[in-house]
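Peer 1: For reference, the chains in residue letters:
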Amino acid sequence: DTGVSQDPRHKITKRGQNVTFRCDPISEHNRLYWYRQTLGQGPEFLTYFQNEAQLEKSRLLSDRFSAERPKGSFSTLEIQHTEQGDSAMYLCASSQTGDEAFFGQGTRLTVV
Amino acid sequence: GESVGLHLPTLSVQEGDNSIINCAYSNSASDYFIWYKQESGKGPQFIIDIRSNMDKRQGQRVTVLLNKTVKHLSLQIAATQPGDSAVYFCAEKPGTYKYIFGTGTRLKVLA
Numbered sequence: 001d002t003g004v005s006q007d008p009r010h011k012i013t014k015r016g017q018n019v020t021f022r023c024d025p026i027s028e029h030n031r032l033y034w035y036r037q038t039l040g041q042g043p044e045f046l047t048y049f050q051n052e053a054q055l056e057k058s059r060l061l062s063d064r065f066s067a068e069r070p071k072g073s074f075s076t077l078e079i080q081h082t083e084q085g086d087s088a089m090y091l092c093a094s095s096q097t098g099d100e101a102f103f104g105q106g107t108r109l110t111v112v
Numbered sequence: 001g002e003s004v005g006l007h008l009p010t011l012s013v014q015e016g017d018n019s020i021i022n023c024a025y026s027n028s029a030s031d032y033f034i035w036y037k038q039e040s041g042k043g044p045q046f047i048i049d050i051r052s053n054m055d056k057r058q059g060q061r062v063t064v065l066l067n068k069t070v071k072h073l074s075l076q077i078a079a080t081q082p083g084d085s086a087v088y089f090c091a092e093k094p095g096t097y098k099y100i101f102g103t104g105t106r107l108k109v110l111a
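The listed protein sequences derive, respectively, from chains A and B.
All the letters of the first sequence, read from the start, carry residue numbers 1 to 112 under my numbering.
All the letters of the second sequence, read from the start, carry residue numbers 1 to 111 under my numbering.
None of these hints come from the bench; they were simulated from the model.
A portion of the hints provided could be inaccurate.
Short derived list, chain B residues pointing at chain A, Cβ under 8 Å [said to hold, decoys possible]: (1) A24; (2) R57; (3) R61; (4) F89; (5) Y99; (6) G102; (7) T103.
To spell it out: a stretch of chain B is covered by chain A in this simulated footprint if at least three of its residues, at any positions, have a beta carbon under 8 Å from a beta carbon of chain A; those stretches are [what the hints assert, rightly or not]: (8) 36-46; (9) 91-98.
In silico DSS-like links for lysine-lysine, alpha-carbon gap of 25 Å or less [stated by the list, open to error]: (10) K71/A with K57/A; (11) K11/A with K42/B; (12) K56/B with K57/A; (13) K71/A with K14/A; (14) K42/B with K98/B; (15) K71/A with K68/B; (16) K68/B with K56/B; (17) K98/B with K68/B; (18) K98/B with K108/B; (19) K56/B with K98/B; (20) K14/A with K98/B; (21) K42/B with K108/B.
Using N, Cα and C, we set each Cβ at its ideal position, and we do this for glycine too.
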C-alpha cells in the first residue's frame, strides 16, 4: 500500500489523558498536512510541514497540541489533557508538488 | 475572510443521470482547486483538480468547470452510479500552504 497511512484508526480516551497519532506519508512526499474534521463539516487546517520544518500552524492548534516530523518522513500529532471538544477525525495528507494532496483514512478520536 | 462554500447541502439524483455539484469561493488569490470525495468513515479521496489558468478539465466521468469571474467551481459527474454516493468537497489553495475546504455536499444516488 503506497497511500498515506494513519495509526490508530480509532482512539477512545478519557478526558485529561494524552494521545498521540502517527502519520506515514506517501514515500518521497516532502509536504505533510494535519487537518481536523468534525461531523458534517469540511476538514480544517491544523499545521503544515515541509520536510522536517513546521512552516505554518493554525490558531486552532492550541498549546495542548503539538506536531512533529523529526526526520522529514513520518509525523506525530499529540494532544495533551484531552477535552471533549477534541473529539473529531484527525486527517493527515501529503503532497510532493504542493498541489495534489492525498489524504489518509484518518484517526477518529472520541474523548469520554 | 477566506471561505469556500457550497450551494446545496444535499443533492439527490437518479442512477444514470448526470450530477452537478457547485461550489463558491471567496478568495480571488486562489490559483488551484481540488474536488474530493469522502465516504463515511474514510478520508477524502482526490477526484480532480484544476488550476486558475484553466476553465475546464475532464477526467474519467468527471468534469470540473471554473468560472473565475464569479468565483464559482462545479463538478459534473456523468452517468451517476450508486458508488458515487458520498460527500463531495471543493478545496481552494490561495497561494499559501494550506487548502481551504467548504462544508461539503452530500450526493445521494437513487436506484
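Peer 1: Does K56/B pair with K98/B here, judged by a C-alpha cut-off of 25 Å?
Peer 2: holds, 23 Å
Peer 1: When the nearest CB of chain A is found for Y99/B, is that gap smaller than 8 Å?
Peer 2: holds, 6 Å
Peer 1: Between K11/A and K42/B, is the straight-line Cα distance small enough, at 25 Å or below?
Peer 2: Judged against 25 Å, a Cα distance of about 15 Å means the pair holds.
Peer 1: Quickly compare the C-alpha distance for K68/B and K56/B to 25 Å and report which way the hint goes.
Peer 2: holds, 11 Å
Peer 1: Would the pair K98/B and K68/B pass a check requiring their Cα atoms to be no farther apart than 25 Å?
Peer 2: holds, 20 Å
Peer 1: For a C-alpha distance cap of 25 Å, please report whether K42/B and K98/B respect it.
Peer 2: Holds, at roughly 21 Å.
Peer 1: With the threshold set at 25 Å, check whether the alpha-carbon distance from K42/B to K108/B stays at or below it.
Peer 2: Holds: K42/B and K108/B sit about 17 Å apart, inside 25 Å.
Peer 1: Going straight from one Cα to the other, do K98/B and K108/B come out at no more than 25 Å?
Peer 2: violated, 29 Å
Peer 1: Straight-line Cα separation of K56/B and K57/A no greater than 25 Å?
Peer 2: violated, 33 Å
Peer 1: Restraint: T103/B near chain A, CB-CB cut 8 Å. Satisfied or not?
Peer 2: holds, 5 Å
Peer 1: Holds or violated: the hint that A24/B contacts chain A, with Cβ atoms closer than 8 Å.
Peer 2: violated, 13 Å
Peer 1: Can you confirm whether chain A covers the segment 36-46 of chain B, using C-beta to C-beta distances below 8 Å and requiring at least three such residues?
Peer 2: With 7 residues close enough to chain A, the hint holds.
When the structure is compared with the earlier hints, violations turn up for hints 1, 2, 3, 12, 13, 15, 18, 20 and for no others.
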